[in-house]
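Can you build the whole structure from these sequences, using the hints too?
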Amino acid sequence: MHNEEPNERGSDTVELAVRAVCGALAGVVVGLLVCWKGRLREPWALTAVIVVAVLACVYGATKYGDDFWWGLLKAKDR
Numbered sequence: 001m002h003n004e005e006p007n008e009r010g011s012d013t014v015e016l017a018v019r020a021v022c023g024a025l026a027g028v029v030v031g032l033l034v035c036w037k038g039r040l041r042e043p044w045a046l047t048a049v050i051v052v053a054v055l056a057c058v059y060g061a062t063k064y065g066d067d068f069w070w071g072l073l074k075a076k077d078r
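Using the numbering used here, the first residue of the sequence shown is number 1, and each one after it goes up by one.
If you're looking for bench data, these hints aren't it; they were derived computationally from the structure. Heads up, some of the hints might be wrong.
When the alpha-carbon atoms are kept at most 27 Å apart in a straight line, the in silico DSS-like pairs for lysine-lysine are as follows [as the list claims (entries may be wrong)]:
1) Lys74 x Lys37
2) Lys76 x Lys63
3) Lys76 x Lys37
4) Lys63 x Lys74
Structure (structure tokens):
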């Protein structure tokens, strides 16, 4: 049986990676919604909006954690 305590640093690294991946996925969704609502059709504009949304969501998710997600959920209802 393997009963070692989880490495605190490793746990933080995994959590950070999970938050970054989830933030990136949320950023794609947010970017696509912005493009759809803004009726953007130019490929460069679509790419720019989605990249900025992904970067913003990754930053928010990794820096602010659950507060970011609650804020995103509240913003959805506006």
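Pair hint Lys74 and Lys37, alpha-carbon separation not exceeding 27 Å: Judged against 27 Å, a Cα distance of about 18 Å means the pair holds.
Satisfaction of hint between Lys74 and Lys63, Cα-Cα up to 27 Å: This hinted pair holds, its Cα atoms lying about 18 Å apart.
Pair hint Lys76 and Lys37, alpha-carbon separation not exceeding 27 Å: holds, 13 Å
Restraint status (C-alpha distance of Lys76 to Lys63 at most 27 Å): holds, 20 Å
Hint compliance for this structure: no hint is broken.
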